[in-house]
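Participant: Each chain is listed here by its residues.
There are 2 protein chains.
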Amino acid sequence: MAVARLTDSEREELLRRHPEWSLARDGDAIERTFAFADFNEAFGFMTRVALLADKADHHPEWSNVYNRVQIALTTHDAGGLSQRDADMAKAIDAL
Amino acid sequence: MAVARLTDSEREELLRRHPEWSLARDGDAIERTFAFADFNEAFGFMTRVALLADKADHHPEWSNVYNRVQIALTTHDAGGLSQRDADMAKAIDAL
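These protein sequence lines map, in sequence, to chains Z and W.
Be aware that the first sequence starts at 1, since it is given in UniProt numbering, and climbs by one per residue.
Be aware that the second sequence starts at 1, since it is given in UniProt numbering, and climbs by one per residue.
Any given hint could be a false lead.
If chains are identical, the list can't say which one is meant, so a pair holds when it fits in one copy or spans any two.
Stated by the list, open to error - Simulated pairs of lysine to any residue, SDA-like, Cα-Cα distance not exceeding 25 Å:
1. 55 with 20
2. 55 with 34
3. 90 with 38
4. 90 with 10
It is worth saying that the hints were derived from the structure and are not from the lab.
Only chain Z is shown next, with the shape it has when bound in the complex:
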């Protein structure tokens, strides 16, 4: 089922509410990089995000190098950003 893509004003609202995230992929994704004390903490965080993501059935595109985790959120079914990405950014920021 297709998911509604955020309008320009909804996208601006998302970035206003979550200023640590920035637009990527020509505005079709948002990204944030997280830094931790070490790999153990970084992977602990990833595990918490994975549980959120699997519950929401909305999965990040992400990478990890030692203490750093980079997360990109986008909605393939919307061809860009959707409310799901806004919800996931909010949930991740709340961890």
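Position chain W against the provided structure of chain Z, taking the given hints into account.
Facilitator: Leaving out everything else, chain W in the frame of chain Z:
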């Protein structure tokens, strides 16, 4: 402490023993991509690799998109591939 870099013949031996891995970054890393049924399985695998990596104090550079996990192994202290990467590839292949 500096870690010995693999010689050319040791590197060839590594690839011979682990044919699913390929050289990357001008021969300074090895990479392998794993595909699973879904995100849940992919992240379960990542968790097992994370436990191996933290125990060995040798961490992968990796990314995940839904059911796919791409892993790169390299040894910064060696400026390229070392025995640690060969040991980690072997441990990952054994999962």
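Participant: Each hint needs a verdict: does it hold in this structure or not?
Facilitator: Tested hints:
For a Cα distance limit of 25 Å, the shortest separation of residue 55 from residue 20 inside one copy, 23 Å, qualifies, whereas the shortest one across copies, 32 Å, does not. In the homo-oligomer, the alpha carbons of residue 55 and residue 34 lie at most 25 Å apart both inside one protomer (22 Å) and across protomers (23 Å), since each shortest distance falls under that limit. Taking identical chains as interchangeable, the C-alpha atoms of residue 90 and residue 38 lie at most 25 Å apart whether they share a chain (24 Å) or sit on different chains (24 Å). Taking the shortest Cα distances, residue 90 and residue 10 sit within 25 Å of each other inside one copy (14 Å), while across copies they are farther apart (48 Å).
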